[in-house]
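Colleague: Turn these sequences into a full structure, and let the hints guide you.
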Amino acid sequence: MDFPVFHLDFFGNRLLIAVIATLHVLINHMLAVGAIPLVAFLEWLGLRSGDQRWDDLARRILFVCFIVTTSLGALTGVGIWLSTSLVNPAAIGSLIRVFFWAWFFEWTVFVTEVVLILIYFLSWRTAWARRHRRAHLGLGVLLAVFSWLTMAVIVAILGFQMDTGVWTVQPGFWTAVLNPLYLPQLAFRTPFALVTAGLFALMLTGLFTRGDREFRGTAVRTISIWSLVFTPAMLLGAWSYWQAIPERMLANLPTALTTLTFTDFLEPLRLAILASVVAVIAVCAWGVAAPRRLPALVLVVPFLLAVWQLSYFERVREFIRKPDVVAEYMYSNGLRASDYPLYREQGLLTLATYSPVGEVTEFNRHEAGREMFRLACSRCHTTHGVNGVVEKLATMYGWQDWDHATIDTYLQSMHNARPFMPPVPGNDAERGALATYLIDLRDDPAGLAGAQSHGAMPASH
Amino acid sequence: MDRIADWPLPLDIPLPLPADSVLLQALLVLLFLWHILFVNLMVGGSLLTVVFQILGRRRPDFETLARSIAGTVTVNKSLAVVMGVGPLLAVNVYYTVYFYTANALTGEAWIGLVPLVTLAFLLTYVHKYAWDRLASAPALHLSIGIAGAALFLVIPLVFLTNINLMLFPGRWLEVDGYLSALLLPNVWPRYFHFLAASVAITALFLLFFFLRAGCPIESRLQTLDRAALRRLFYGIALGATGLQLAFGPLVLVTLPSQGMSWYLIGVITIGVTLALVAMHLMWREIVSPRPSAMPRAVAVFTLITLTAFAMGYGRHVYRESAIDEHRDLVAAHGREVRWEIAAAHWRDATGQTLVKVPLGQRIYESTCAACHAVDRVVVGPPLTEIAGLYRDDPAGIVTWTEAPYRKREGFTAMPAFKLGEEKLMAVAGYMIALGSGEDPGSGEDPGPGEDPGSDTDPGAAGEAAAEDRG
Chain H
-18 MDFPVFHLDF FGNRLLIAVI ATLHVLINHM LAVGAIPLVA FLEWLGLRSG DQRWDDLARR
42 ILFVCFIVTT SLGALTGVGI WLSTSLVNPA AIGSLIRVFF WAWFFEWTVF VTEVVLILIY
102 FLSWRTAWAR RHRRAHLGLG VLLAVFSWLT MAVIVAILGF QMDTGVWTVQ PGFWTAVLNP
162 LYLPQLAFRT PFALVTAGLF ALMLTGLFTR GDREFRGTAV RTISIWSLVF TPAMLLGAWS
222 YWQAIPERML ANLPTALTTL TFTDFLEPLR LAILASVVAV IAVCAWGVAA PRRLPALVLV
282 VPFLLAVWQL SYFERVREFI RKPDVVAEYM YSNGLRASDY PLYREQGLLT LATYSPVGEV
342 TEFNRHEAGR EMFRLACSRC HTTHGVNGVV EKLATMYGWQ DWDHATIDTY LQSMHNARPF
402 MPPVPGNDAE RGALATYLID LRDDPAGLAG AQSHGAMPAS H
Chain X
1491 MDRIADWPLP LDIPLPLPAD SVLLQALLVL LFLWHILFVN LMVGGSLLTV VFQILGRRRP
1551 DFETLARSIA GTVTVNKSLA VVMGVGPLLA VNVYYTVYFY TANALTGEAW IGLVPLVTLA
1611 FLLTYVHKYA WDRLASAPAL HLSIGIAGAA LFLVIPLVFL TNINLMLFPG RWLEVDGYLS
1671 ALLLPNVWPR YFHFLAASVA ITALFLLFFF LRAGCPIESR LQTLDRAALR RLFYGIALGA
1731 TGLQLAFGPL VLVTLPSQGM SWYLIGVITI GVTLALVAMH LMWREIVSPR PSAMPRAVAV
1791 FTLITLTAFA MGYGRHVYRE SAIDEHRDLV AAHGREVRWE IAAAHWRDAT GQTLVKVPLG
1851 QRIYESTCAA CHAVDRVVVG PPLTEIAGLY RDDPAGIVTW TEAPYRKREG FTAMPAFKLG
1911 EEKLMAVAGY MIALGSGEDP GSGEDPGPGE DPGSDTDPGA AGEAAAEDRG
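Residue numbers (my numbering), protein chains in the order written: chain H, -18 to 442; chain X, 1491 to 1960.
If you're looking for bench data, these hints aren't it; they were derived computationally from the structure. Honestly, I wouldn't trust all of these hints.
[Unchecked claim] Cβ pair distances, simulated, as ranges:
hint, chain 1, residue 1, chain 2, residue 2, range
1, H, S394, X, E1598, 35 to 41 Å
2, H, G153, X, I1755, 41 to 47 Å
3, X, A1832, H, S394, 49 to 55 Å
4, H, W109, X, L1766, 41 to 47 Å
[What the hints assert, rightly or not] Heads up, incomplete: computed chain H residues facing chain X, CB under 7 Å, no partners named:
hint, residue
5, F(-13)
6, T51
7, L63
8, V95
9, V258
Cβ atoms here follow ideal geometry from the backbone N, Cα and C, with glycine treated the same way.
Modeller: Here you go:
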């Protein structure tokens, strides 16, 4: 509406955010929040037992965490911002207004975290650290606390997007932070990070202890125990999170889990999720019982399963909050529900800053429809690419008979038929134009170009 | 687009700023300077690393220096990123519409930052941590360093283009793609200004870094001594600062006049003066034969820091005045629309929806129906006749209406109506449909309850909203 519309017509805007955000969450949970306490724990084992091999293992695991978190981890973190502000500036702009100080605080914590990891890692083998081993370990503990804190702040915002709680009636910083989903989500993510960091470390241990089978056994057993210890807390957290998800969102769950085409696979999928959790626990149990008989290759399996689980969890979380980007305040298309009546009276396009057409007339219906698509659908759909609207329509109506009235009627009832999509904004003429455009789109492979290549206001002809 | 009235007029986010605007601006300027310091050290450091590494092929001392500098780059680059988040947050919240608009218009480059910076960081890690391992393949090792430095040269340009584009709403509609944003005035002079500053600041930093008490570097050097290092880094800093005497004025004259003021010139002049004093001190350091005490280096450092403050503040003064007027318009427009939204929301909640009449019909009824009717002559010919003439050529009606001439015997002349293409096309379509006996509403169905003069307006609120639509 008020911003030029960035649009990726093949890859899809949702996928852009999803890839960046998922990578970031994986790195943050496994290689920072969960891994740092584990590294400190291993360092402590070395200190207590006097066995230098613990210290070496801890340092090598930290080296991987250090390289990845300070490059890909940090950049995907910034990337979530960059991508969301491209794809949905109205949403991120609103969230920043509400959560500015939370983000600001998180930033100071983040700065501390980075400074600490630089010192913790770069000083590991210095003369200072050799002399003051306890102080060095203290750095690790401090770093672990700060890593956790950054996550603790961000989770408040994620919770807010799903359930604003009393904020809509009682706007304010604290009512926003203490939304109903905050604590349950934190209670889940914390042990999840600890468990999965163990799985990541198991994989690395297999790699780093190749020459020393005896120590590998000891290390594998210790780290397996670490993961198992936090598993009950993780399951409990998952349960409390589940309880806190608003009723209306649970209706989206089948589609969130499988996409519309595959809803039939819901049951097998549930089983697969369950099986993957069991498999992880089983490998860890094996690691405790007979660590030396556990081949290094098997150690990779729990890690991969955890990556899959976490990515999946994030997809579902992102999906079930649809059609809202901020619960009951703003739809995923960046429009506020409260503004819909005006769009209906005056038309969406006349109010849109960058639409080359205003009112719908006999002669601009295609363009008007294109602008409608841009404003109302393009945050979630491409034309012919990922989640492409043409293909979606074809699934419903085949490739032949798309008559205007049918599509128009669908658009009118879309929100009620598929609650994960927002209602079509604007007046009836605009909705009619959108239907015209969608029909034209079927035979037009050109698709829709975004502001990043064709400018803010595409030429009207 | 020189007239501000023609600039795009978006709505701002309708939520209050999270803090007083002066506080946000102060945060923005200070945090940005702090961030840019590390960016300078990262860019300047990676440049000097590769330059010294190349020189090191002849004189091994330079390779020793290069290796040491590479160690600082991996730290400074991490700080540059984290320190950037604070000012990014402040820009986001304080310049919301301006910044996000610029981001969207340069979207590919903007999101490209994520992989580019990641790659640059990984390359610097490889360059640093594989120094020994790649000793047998020096060309490969050097290429990795050069690739990293090249990326570090590209990355700031993307940021700079965004911050520049955001200041010129009048140019937003002209930009199509990142490359076209690169061609806006001021981008390139500013970029070279920045690069020279990076080299100067890094040289000063390295001066402190290598000459600090207890620095082990000296024992590792074969021919260079402390005095030589001092001259080397002062020389680089002085040369780079000297270049600013050319870049600085270029930046100033290429700035669009839109935000220029004497106050700004005053601030910049103070900055330049401080820098000149610093340059003089550096020169004295280079030519004086005695090893100087640290205090003079501290003076140079302080002066350059103050220069940076003056320039950073001047930038902000310019930024504010460049968009000042536009921001007032955006605010006023926002108030108006918010108010209409509230009125419409109220009508919706109380079941009094106003639904409007299509444009074509409105123009027809308000302008043309006075002389035209569907199937009889009023003053002009009936629509049935007009539809017959123009059914396949609606644009012909537009041409006619803008410049009618005497055509029919016994008719008076029709006055010209220059209503603009959009409105005339709309009315043309409406007339043709009506004259052909079609229901002109079917194309642009106004929906149930169409009634332009509905009396259901909630008093003045609704009337004003209805007015506006006319």
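Colleague: Evaluate the given range 41 to 47 Å for the C-beta pair formed by H:W109 and X:L1766.
Modeller: With a Cβ separation near 42 Å, H:W109 and X:L1766 satisfy 41 to 47 Å, so the hint holds.
Colleague: Is the hint on H:F(-13) kept, meaning its closest Cβ partner in chain X is under 7 Å away?
Modeller: holds (4 Å)
Colleague: Is it true that H:G153 and X:I1755 lie within 41 to 47 Å of each other by Cβ?
Modeller: holds (44 Å)
Colleague: Quick check: does the Cβ-Cβ distance between X:A1832 and H:S394 fall within 49 to 55 Å?
Modeller: violated (28 Å)
Colleague: Holds or violated: is the Cβ of H:T51 closer than 7 Å to a Cβ in chain X?
Modeller: holds (5 Å)
Colleague: Let's test the interface hint: is any C-beta of chain X closer than 7 Å to that of H:V95?
Modeller: Because about 5 Å separates H:V95 from the closest Cβ in chain X, which is inside the 7 Å limit, the hint holds.
Colleague: Would you say the C-beta atoms of H:S394 and X:E1598 sit inside 35 to 41 Å of each other?
Modeller: Check passed, 37 Å falls within 35 to 41 Å.
Colleague: Would you settle whether the hint for H:L63 is holds or violated, based on the nearest Cβ-Cβ distance to chain X being less than 7 Å?
Modeller: holds (6 Å)
Colleague: A closest beta-carbon separation below 7 Å is what the hint needs, so does H:V258 meet it against chain X?
Modeller: It is violated, given that the least Cβ distance between H:V258 and chain X is near 32 Å, above 7 Å.
This entry does not satisfy hints 3 and 9, going by the numbered hints stated previously.
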